[in-house]
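Peer 1: Here's the letter readout for the chains.
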Amino acid sequence: VRNKIEVVGFLNLLLVGAAAVGCGGDAGTGSLTALLEAEDVIVDGIAAGADPENIRDGWDVTFDRYISTVGDLDMHLSSNEDTFVEGADVFVVDMTQVPSAGLDLWQFDGMRAGRWEFNYATPGAADGAVRHTSVSQADFDELVANDWTYLIDGTLSNAEGQSCPPAALAQVGSATPNGNLSGTNPCYDAPSVRFVVGASAETSYGPCEVDEVPGFAVTSGGSTTVSMTLHGDHIFFNGFPEGDEGGVMRLAQWLADCDLNLDGTVTSAELQAIAPAQLPELDDRFQLGAPTIAPLDTMYTYFRAQLKTQGHFQGEGSCPVDGTPHEH
Amino acid sequence: MRRVSVPLWVLACALPLAACAETSQERVQVPLEVVGTEATAPIEALGGVPVTLTRADLAFGPLYLCAATQAGELCETARLEWLDTVVVDARSGTPQPAGDLYGVSGVVQSWMYDLAISAQLTQEQPFVLPAAEALGGHSLVLEGTAVVSGITLPFRAEVPVQQTSATELGVPVVRKSQSDEFFHDVTGAEQALRIRFDPATWLAGVDLRSYVQFETCGPDQAGVVCDGLVEWTCDPDGAPVSRDCSAQGEVCIAGSGCAEGVVIDPSSEAFRALRNGLTSGARPEFVWVEGGE
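So the sequence lines, in the order shown, correspond to chains A and B. Heads up, the first sequence is in my numbering, so the first residue is 1 and it goes up one at a time. Heads up, the second sequence is in my numbering, so the first residue is 329 and it goes up one at a time.
By construction, these hints were calculated from the structure, which means they are not laboratory data. Backbone N, C-alpha and C fix where the C-beta goes; we use that ideal spot for every residue, glycine too. Incorrect hints may have been included.
What the hints assert, rightly or not - With the Cβ distance kept under 8 Å, some of the chain B side facing chain A (calculated, not the full set): (1) Thr-495; (2) Ser-505; (3) Gly-551; (4) Arg-600; (5) Ser-608; (6) Ala-610; (7) Arg-611.
To be verified - A few chain B positions that, by computed beta-carbon distances, are all more than 10 Å from chain A: (8) Thr-382; (9) Val-432; (10) Gln-453; (11) Val-501.
Based on the sequences and whatever the hints tell you, model everything.
Peer 2: The following block contains the structure:
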């Protein structure tokens with residue numbers, strides 16, 4: 001047995017060296033700054049219009065709060081999975097207040113030069129997350145108490161907008177229908193619909209890549225910057241498309257139709273009460289065949305499933321969602 | 329104990345190559361079986377409505393198994409694929425051979441499939457494949473009866489499931505979710521991959537209660553209403569006229585009157601619920617049948 005251990009030990013050592021020689025490797029160390037970035041739509045909103053980036057069914061969208069829980073960075077040297085660096089800090093940040101240059105929340109020095117895989121997470125806030133100054137104490141406490149990943153407060157605006165809640169669930173009080181129907185559901189004038197939704201959407205992202213180039217490179221003596229970018233428009237995607245976002249249609253009428261009591265605000269409870277089939281707006285323009293959460297039983301699950309897709313890398317770079325976990 | 333006697337210089341030269349080489353793969357062929365779920369009692373639709381199915385034909389295929397944890401664009405080359413289609417009798421618990429999956433050995437972690445209507449990047453209209461052709465161009469045909477408030481309601485649904493120009497051509501319509509568990513190291517020694525479909529999961533979100541109505545004509549009301557099995561034609565300028573649908577062996581369908589049964593309309597909530605049940609509802613069960621089972 002002793003001989004075998006010696007040989008195996010020697011082979012392991014040799015393999016590490018061989019990988020470095022055969023697949024590339026550098027000596028020395030460098031530093032890494034990891035930024036948190038907000039897609040511009042979170043800060044500037046999304047305009048109604050006919051262009052692919054617009055909301056196509058007439059609604060303008062703005063966000064007052066887009067509070068997100070981000071962190072748990074996990075980086076591996078590409079040539080040696082056993083060489084890793086973790087950034088366990090998790091921050092709760094209002095993405096509407098993130099500067100355009102990003103928020104530098106993580107700094108790593110002494111990283112071995114070479115190419116690294118990059119993974120991160122959007123966990124629940126209850127597990128030791130730190131409040132960023134952009135978030136009020138009350139909002140932070142609410143996220144922690146509910147172990148939410150997100151608290152999103154936005155507004156849909158359309159001078160000719162309407163809300164058409166499922167008739168079987170609607171509690172419209174004295175509101176008067178405007179004569180339009182969505183399927184068989186009466187519609188009501190609604191030029192502005194706010195949505196305030198807290199949601200758990202714990203997700204791991206990675207290994208991230210940009211244009212099929214994985215992770216990032218650290219050069220000896222150099223400084224590297226990477227960014228985790230949260231997109232803000234995925235809740236308006238027409239389902240769960242697999243390809244690039246260029247082919248996606250953004251639609252918001254379904255969310256306006258979720259205001260069951262017509263009080264002007266869509267809540268988590270209202271989303272939880274509605275099954276996707278109860279919204280005629282979710283017709284064959286929507287592709288629901290690859291939800292990040294299955295089954296898609298309510299519109300709250302749908303909302304959470306969309307939130308799980310919005311973690312990106314370096315702007316438009318992609319990160320597999322909830323891929324194989326790293327064990328260490 | 330035997331010592332390893334390979335000269336170290338040989339290892340030193342060979343290992344740089346070995347470190348970057350892919351592990352060897354073998355061509356494999358794994359039988360595919362599809363199976364339904366035999367109901368021993370009525371299935372429950374939304375609201376606890378008991379449903380007895382007399383037909384549940386699902387057009388299934390092609391199927392792709394992928395190495396990555398996500399299918400779709402991350403599966404440009406499938407590890408195993410079955411390019412055929414088959415009509416699954418989803419009421420039968422007897423496994424039905426569907427053909428063979430062809431590919432290479434190795435780990436598979438995701439799946440994606442069509443329901444016999446396949447969208448191609450180069451075609452605006454998807455191809456209706458043989459199994460869907462056999463179902464009149466649909467992915468699913470359901471027939472049965474539901475008992476709503478004591479009334480036995482025959483129904484029929486024909487559901488095509490396909491990508492459209494508004495969604496994403498070239499991508500299979502159903503793909504593994506991140507919340508689905510799926511992992512297998514394919515060796516080629518498997519007896520079969522068996523996929524089990526359960527019609528109860530498709531019907532779980534379907535509300536058939538709205539087709540039954542207990543109403544009579546109100547003042548100044550026009551149109552047709554149902555009071556159970558009795559159809560009332562309302563006339564604001566005259567007396568309402570009634571007709572007992574059951575006298576002709578029919579039922580009264582809310583909004584349309586006497587009919588042999590409900591034909592679930594593509595614009596209805598029940599239709600959307602069936603379509604969503606197929607695409608984003610509970611997933612079919614994937615079982616690897618190992619040799620000797």
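Peer 1: Against the structure shown, which of the earlier numbered hints fail to hold, in ascending order?
Peer 2: Violated hints: 3, 11; rest satisfied.
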